[in-house]
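Please construct the entire structure, taking both the sequences and the accompanying hints into account.
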Amino acid sequence: MNKKSFLMFSLLLSSFFVKSSDGFAESKSSEAQGQKYAEEYVEPYPGSYAASILQMNSESLFEAIQDGDIVEVRELLQANPRIINSLDAMNSTPLIKASALGREEVVSFLLEQPGIVVNAKDLFGYTALMQACVGNHESVVAVLLRDDRVSSNICDAQGKSALILACRAGYADIAQLLLGFIRMEGINHNLVDPSGLTALGHACTEENVDVVRVLIRSCVDLISAARPEQSPINIAISRGNNEIISLLIDASERAGLGSAMQRASQVAEQQAMLAGMMPGMMMPGIRIIRVF
1 MNKKSFLMFS LLLSSFFVKS SDGFAESKSS EAQGQKYAEE YVEPYPGSYA
51 ASILQMNSES LFEAIQDGDI VEVRELLQAN PRIINSLDAM NSTPLIKASA
101 LGREEVVSFL LEQPGIVVNA KDLFGYTALM QACVGNHESV VAVLLRDDRV
151 SSNICDAQGK SALILACRAG YADIAQLLLG FIRMEGINHN LVDPSGLTAL
201 GHACTEENVD VVRVLIRSCV DLISAARPEQ SPINIAISRG NNEIISLLID
251 ASERAGLGSA MQRASQVAEQ QAMLAGMMPG MMMPGIRIIR VF
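In the numbering used here, the protein residues as written are 1 to 292.
Honestly, the hints are just simulated from the structure, not real lab data.
Just to be clear, a hint being listed does not mean it is correct.
Here are the in silico distance ranges between beta carbons for each label pair [stated by the list, open to error]:
id, residue 1, residue 2, range
1, E59, R227, 41 to 49 Å
2, Q158, G186, 18 to 26 Å
3, V71, S246, 47 to 55 Å
4, S151, L123, 16 to 24 Å
5, A89, P228, 39 to 47 Å
6, E253, A226, 22 to 30 Å
Just so it is clear, CB atoms sit at the ideal spot from N, CA and C, and this is done for glycine as well.
Structure representation (structure tokens):
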């Protein structure tokens, strides 16, 4: 018996030995049902032969995803749907793994499977969407966002959303995708993470000019931050990035945010004075402190 025949034989055995109270054939494509499968997955009969086979089948599924072998992924899941929400050593589900690797075809197939948990988190607190974002897999992000079950507002273990992760990394196209998809829950453009920064604040910190442009076009809050000195304009001034400073000032003038931007600018002026610089002289040729 060759390896593939043995694998398929094992799948059939696991399906025979491991029984589900509601039956896979009648399972519904719902998050609740998927969570039930995920909880039942871990050794339904601890130490049993069936549990050992399930583990082997799960490992084979992750290997197929790693290789991008969509044919093998289909065969494994069709023979044993139970492994759809299995976990690897990093607590990643098959969907998280496929998203992290940019396997668009595999991701599309997995999303069609009954009982899949689409918003599960790995050891880093990343969902499939987050992994696709940090991997800069634009096509996978688009596939995930088209599924109404996928949430764009979940935060990782450090309190950062998919949008913040994309903006920190400088992925303007990914940020545009996240901002452009209209859904019932809406995406929180102005989330302040535990570090005190919004997506715009992170983009200014990393000096990602293209991301700043995308965020400004999407009408994000130009002022929000945990503390005044963490406002986007203050960060841009502290970095000395003339292009971002001009973008923020022009956007604030169009939005009529004179007083708020002025307060933020006053904080920057005080810091400049403490650093031994003359007021209004932060960067030559740029309106920074006295802008209104």
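Cross-check of the supplied hints:
A hinted range of 41 to 49 Å for the beta carbons of E59 and R227 is consistent with their spacing of about 48 Å. The hinted window of 18 to 26 Å between Q158 and G186 holds, with their beta carbons roughly 22 Å apart. Judged by the Cβ atoms, the range 47 to 55 Å given for V71 and S246 holds: they are separated by roughly 53 Å. For S151 and L123, the Cβ-Cβ distance of about 19 Å falls inside the hinted range of 16 to 24 Å, so the restraint holds.
Checked against the given bound of 39 to 47 Å, the beta carbons of A89 and P228, roughly 44 Å apart, stay inside it. At about 25 Å, the beta-carbon gap between E253 and A226 stays in the expected band of 22 to 30 Å.
Checked against the numbered hints listed earlier, the structure breaks none of them; every hint is satisfied.
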